[in-house]
Amino acid sequence: MKENMKIIANRQIAKDIYELTLAGSLVQRMRTPGQFVHMKVANSGPLLRRPLSLCDINQEANECTIIYRAEGAGTTLLSQKLPGDTVDVLGPLGNGFSVSALSSGQRALLVGGGIGVPPLYELAKQLVKKGVFVTIVLGFQTKDVVFYEERFASFGETYVATVDGSYGMKGFVTDVIHHHRLSFHVLYACGPKPMLRALANEFPHQDVYLSLEERMGCGIGACFACVCRVPHSETAYKKVCSDGPVFRAGEVVL
Amino acid sequence: MKENMKIIANRQIAKDIYELTLAGSLVQRMRTPGQFVHMKVANSGPLLRRPLSLCDINQEANECTIIYRAEGAGTTLLSQKLPGDTVDVLGPLGNGFSVSALSSGQRALLVGGGIGVPPLYELAKQLVKKGVFVTIVLGFQTKDVVFYEERFASFGETYVATVDGSYGMKGFVTDVIHHHRLSFHVLYACGPKPMLRALANEFPHQDVYLSLEERMGCGIGACFACVCRVPHSETAYKKVCSDGPVFRAGEVVL
Amino acid sequence: MNRLAVELPGLSLKNPIMPASGCFGFGREYAKFYDLSVLGAIMIKATTLEARFGNPTPRVAETPSGMLNAIGLQNPGVDRVINEELPWLAQYDVPIIANVAGSTVEEYVEVARRISKAPNVHALELNISCPNVKKGGIAFGTVPEVAAELTRAVKEVSDVPVYVKLSPNVTNIVAMARAVEQAGADGLTMINTLLGMRIDVKTAKPILANRTGGLSGPAIKPIAIRMIYEVSQAVSIPIIGMGGIESAEDVIEFFYAGASAVAIGTANFIDPYVCPNIIRDLPNVLDELRIDHISQCTGRGWNNGQTVYCGT
Amino acid sequence: MNRLAVELPGLSLKNPIMPASGCFGFGREYAKFYDLSVLGAIMIKATTLEARFGNPTPRVAETPSGMLNAIGLQNPGVDRVINEELPWLAQYDVPIIANVAGSTVEEYVEVARRISKAPNVHALELNISCPNVKKGGIAFGTVPEVAAELTRAVKEVSDVPVYVKLSPNVTNIVAMARAVEQAGADGLTMINTLLGMRIDVKTAKPILANRTGGLSGPAIKPIAIRMIYEVSQAVSIPIIGMGGIESAEDVIEFFYAGASAVAIGTANFIDPYVCPNIIRDLPNVLDELRIDHISQCTGRGWNNGQTVYCGT
Ligand SMILES: Cc1cc2nc3c(=O)[nH]c(=O)nc-3n(C[C@H](O)[C@H](O)[C@H](O)COP(=O)(O)OP(=O)(O)OC[C@H]3O[C@@H](n4cnc5c(N)ncnc54)[C@H](O)[C@@H]3O)c2cc1C
Ligand SMILES: Cc1cc2nc3c(=O)[nH]c(=O)nc-3n(C[C@H](O)[C@H](O)[C@H](O)COP(=O)(O)OP(=O)(O)OC[C@H]3O[C@@H](n4cnc5c(N)ncnc54)[C@H](O)[C@@H]3O)c2cc1C
Ligand SMILES: Cc1cc2nc3c(=O)[nH]c(=O)nc-3n(C[C@H](O)[C@H](O)[C@H](O)COP(=O)(O)O)c2cc1C
Ligand SMILES: Cc1cc2nc3c(=O)[nH]c(=O)nc-3n(C[C@H](O)[C@H](O)[C@H](O)COP(=O)(O)O)c2cc1C
Ligand code: FES
Ligand code: FES
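Protein chains in written order, with numbering that gives the first Met the number 0: chain A, 0 to 253; chain B, 0 to 253; chain C, 0 to 311; chain D, 0 to 311.
Source of the hints: derived by calculation from the structure; they are not laboratory data.
Beta carbons: idealized from backbone N, C-alpha and C, even for Gly.
Treat each hint with caution, since some may be false.
[Unchecked claim] Straight-line alpha carbon distances no greater than 25 Å define the calculated DSS-like cross-link-like pairs of lysine-lysine that follow:
| id | chain 1 | residue 1 | chain 2 | residue 2 |
| --- | --- | --- | --- | --- |
| 1 | B | K14 | D | K201 |
| 2 | A | K14 | A | K192 |
| 3 | A | K39 | B | K14 |
[Said to hold, decoys possible] Pairwise CB distance ranges (calculated):
| id | chain 1 | residue 1 | chain 2 | residue 2 | range |
| --- | --- | --- | --- | --- | --- |
| 4 | D | D280 | A | P193 | 27 to 35 Å |
| 5 | C | R177 | B | T85 | 23 to 31 Å |
| 6 | D | K116 | A | E70 | 47 to 55 Å |
| 7 | C | R2 | D | D280 | 52 to 60 Å |
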């Protein structure tokens, strides 16, 4: 469950956005899109691990890909790592997106916001492989930070929105969905909480899976840092790290 | 006085002993053997800088060499650095060995113990250049950690002692001096305090320069971490970092 | 001879390494990484009378060489701990130290009474020092008389020895230690977290929803060492030390300061294998130091090799 | 408008950045690196009545993201500070805050009386919290009444405003702050170091010759932030904050917590240019945050933009 994985590539693909390819035997345990790894970027760096989603799993090559935004101390340090270096990876962790919720011929809508986009890539790959039709809506702040549009386009119709209108449609992912009247059997989403809330409110009677973020300690369910409430209970809870990060809309309080 | 110097080479030359070659414009300020640099080995590594002596100064090539023992957190991290990496160097600091204490044709005895050996190298170089005859006595714990014997031998008669007798004469540097009845106009020494004390006691009436070590905060004279007492005074002091590290025997209490 | 075996009131430990309360849940998650029977003991998560949800999130924030937490004593309540967690833990050959918390003396007493009867609970750890709850918690941990009264009340009902967990957020830790020793504590555990805070530069808001939280991790190690050094010279009950331990060398440092066993908290989050790794490394470190038995390390920082607390 | 200018009792600061006492000597060394006139102020090394040698060495030890020091108030005595150091500092356009220490009330009073008359001393900083001296020092810093009495006595003789430097080694920092405010303190500086210790694993001896020392550096930053956050809401005199500051962002965090100016200690050892670098970076950080003036940051962590202490 823990390995010093080898960095195969670590390249910038948009402003502050990096694509990291890792090799190691842990890849053989990685199956489900939406699962994440808990990464210690350096021995002498920041104390805690950083949760990062799996973006692409390639078991034949024994490689996986992660896309991250270099923002704070840990991810900035990570962005300086070179091919050949290693990083300490714990994972795969958590419960990912349910691919089995759909069968061949059905329609999935995948909605990603900002740095919530990456886990949708492996999800799209697995759904398409299964014969599911996917439509993808990606929301970003601005043109500079858009990534993977063409990659997603190879799986299905792909729409991009930017908040400032500098690329694609101006507005939010919900605007895209309305504008194009996109429909689906199952909706899968990952991104900032306001986006997830909007989607949950928009489609209260449909099958919606949401991937949540929360500050983590252990990443494995032991420290109770990452809990969220369950509707209609004072004490019931779910842990984002081990019960999630993907929940069915309605399962937890957003 | 502060520069991110470039690592040209960082190679192991004995057990846990590394020879680090740095390039940068700071080298142009480095003149005196026995001076040291205060080095921050990594941005995200240990908090404090590490004092390390200049071993070789090559102003034509804009390079200097430092020899260090990988022991604690900082020096171990340093030993993992690769050519092309940079380290944050403050220096040169302190007052080094007085080369002008001798004139051409006179005799110098250079005595180094363990990781106190390095600064004697630049000293020997400068003395020989001046026409001074140098004799060198190097003491080490054991054979594994002996370094630079041949290099010193090119400057003058060089004797090695090891505490366990695994190489050279068995015993301490003072044993070598006695055994070979070595004499000198000026003695220069760097090494552990017991060795320095023994030498000061041995030659109370001669010109003896000793390089001291002390745990440091600032390295520039501001924090009073590294003071030593001055004989016959309750309050007088010298700072190892800025008044030393080299003192005349008798100048400070050992 | 087992060089790591340690005898403490109520506890025959095969080694002096145990996960610290709140950093190991009830063991279920770490059991996926290794066999819990290798541990000296397990300090389970703080237990209160009723189930508690705890504080809103974010509950953790990173700091230089440390972390802040404000979990707020989330736990399923003493009865579910007794009925669900402790029986599950009983499959492992490892004594349990039950961390007891509450808002009133009565609550502490009731939790202690019930949980001390569980067959695999070999000792209680009185959490008088949790900085993350409004009522109780830290108040009990900062006034010697209040701590003493609580200790006395719990001792009266407990079927097993009682360790009191000291808060470092006090002017005089020795006074706290003496007060609870006098009141009958069988041992001390120290230190709990230091009260700290971080404010987000972008939003100007505290990062923790609870605003303040408890600082743990390597950053606090020198404070823990100092306090254990002071307290161990002032009391004659044993100390289980904690605060920033990451390695076998750290364990030795805590023993030198005066600890007779240690607990590992935050480091479990960084490396889930840290406890078994330390247990593996300790004999080698003892070899290097030419020390036969770990207990000989206790108090060496001040006693130069005399015997201090050495079990019974 | 100077976006960094700050008005505090006795101090018109061109910017709120000053080196902390004991981490900058009397400025001579850092003057080789940059023009001291760029600084908001300078807190000079603690001064006692007579010259003091201080503690034996080693006097410093490294810890995770921090350092311990036990210098022991080494200084040349108040008269030499007045006759040699302060006149030398007068060549720079920078107000001096004189750190006053002593073992008795009388000693504090005498040092304060003399040094407050020096023309470039614009304020005193009463060091009631140095953990590294046997007598006085920390005793004054842990009992509110004792601190208040000392403050009152010094206020009576001082020609300039008096700031009291609080020790974090207390149960109730707010009580200390209120006591010295009541006694007439014009401002607070906080925090001094936390008492800590390290023991050498090889020798089993404390690394510091003095055994314990004061913990400073980034490790203590969350504790400083928490204490300033608490105290700034409880008093109405301004706070000069310190404890682990390394960057302009850290400065903002201290202001948000409630500081009106800050001091930089340990970071000077890591980068001698840290103070001028922070002064250079601050306007850019204010730009990013869309804040006009640094003073608007004070207390934002709890007051959401109301005005708190804002000079006179
Ligand atoms: C399940 C999960 C999956 C994620 N997947 C991705 C991904 O694929 N790509 C990506 O760029 N980011 C992802 N994130 C967010 C990512 O974890 C944070 O951006 C990252 O931890 C920030 O670290 P830092 O060193 O840049 O920031 P710092 O500010 O140095 O972080 C300080 C502390 O806060 C925590 N933290 C800060 N921001 C967040 C956040 N948004 N969520 C959780 N913890 C945070 C850090 O983990 C660390 O403990 C994911 C988060 C979660 C919970
Ligand atoms: C003027 C001077 C010149 C030196 N020159 C050399 C040299 O050329 N080659 C070399 O190998 N060593 C030299 N040393 C010793 C060297 O500074 C220490 O070995 C080094 O700081 C240890 O760092 P670490 O990260 O390995 O140890 P750690 O144990 O991680 O160090 C912890 C802290 O203790 C300090 N420290 C530990 N040991 C010493 C020591 N012996 N002297 C001073 N501070 C210490 C460190 O600087 C650091 O602040 C010199 C020391 C001084 C004072
Ligand atoms: C996330 C977290 C939760 C904690 N919960 C508890 C608790 O429930 N009861 C308790 O007594 N201590 C609790 N603690 C304190 C630890 O048991 C320990 O005393 C402290 O963290 C210092 O050790 P460390 O630095 O090794 O983490 C908690 C600490 C952390 C980090
Ligand atoms: C080496 C050293 C010496 C110090 N000397 C003094 C002193 O003489 N007087 C004083 O009030 N504080 C002294 N301090 C405390 C600092 O002024 C400051 O309050 C503390 O270090 C926290 O700030 P920092 O983390 O930025 O260093 C000293 C600190 C250090 C590290
Ligand atoms: S991060 Fe520890 S329980 Fe989820
Ligand atoms: S190391 Fe600071 S004065 Fe010498």
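(Q) I want to verify a distance hint. Is the separation of the beta carbons of D280 (chain D) and P193 (chain A) within 27 to 35 Å? (A) 32 Å Cβ-Cβ, so the 27 to 35 Å window holds.
Q) Is K14 (chain A) close enough to K192 (chain A), meaning Cα to Cα at most 25 Å? A) The hint holds at about 22 Å.
**Q.** 52 to 60 Å as the expected CB spacing between D280 (chain D) and R2 (chain C), which holds or is violated
**A.** At 53 Å between Cβs, range holds.
Q. Between R177 (chain C) and T85 (chain B), does the beta-carbon spacing fit 23 to 31 Å?
A. violated, 53 Å
Q) Do the Cβ positions of K116 (chain D) and E70 (chain A) conform to the proposed distance bound of 47 to 55 Å? A) holds, 52 Å
Q. Are K14 (chain B) and K201 (chain D) close enough, with their CA atoms no more than 25 Å apart?
A. holds, 20 Å
Q.
Checking one constraint from the list: CA of K39 (chain A) to CA of K14 (chain B), max 25 Å. Satisfied?
A. Violated, at about 30 Å.
The structure fails hints 3 and 5 (numbered hints given earlier, in ascending order).
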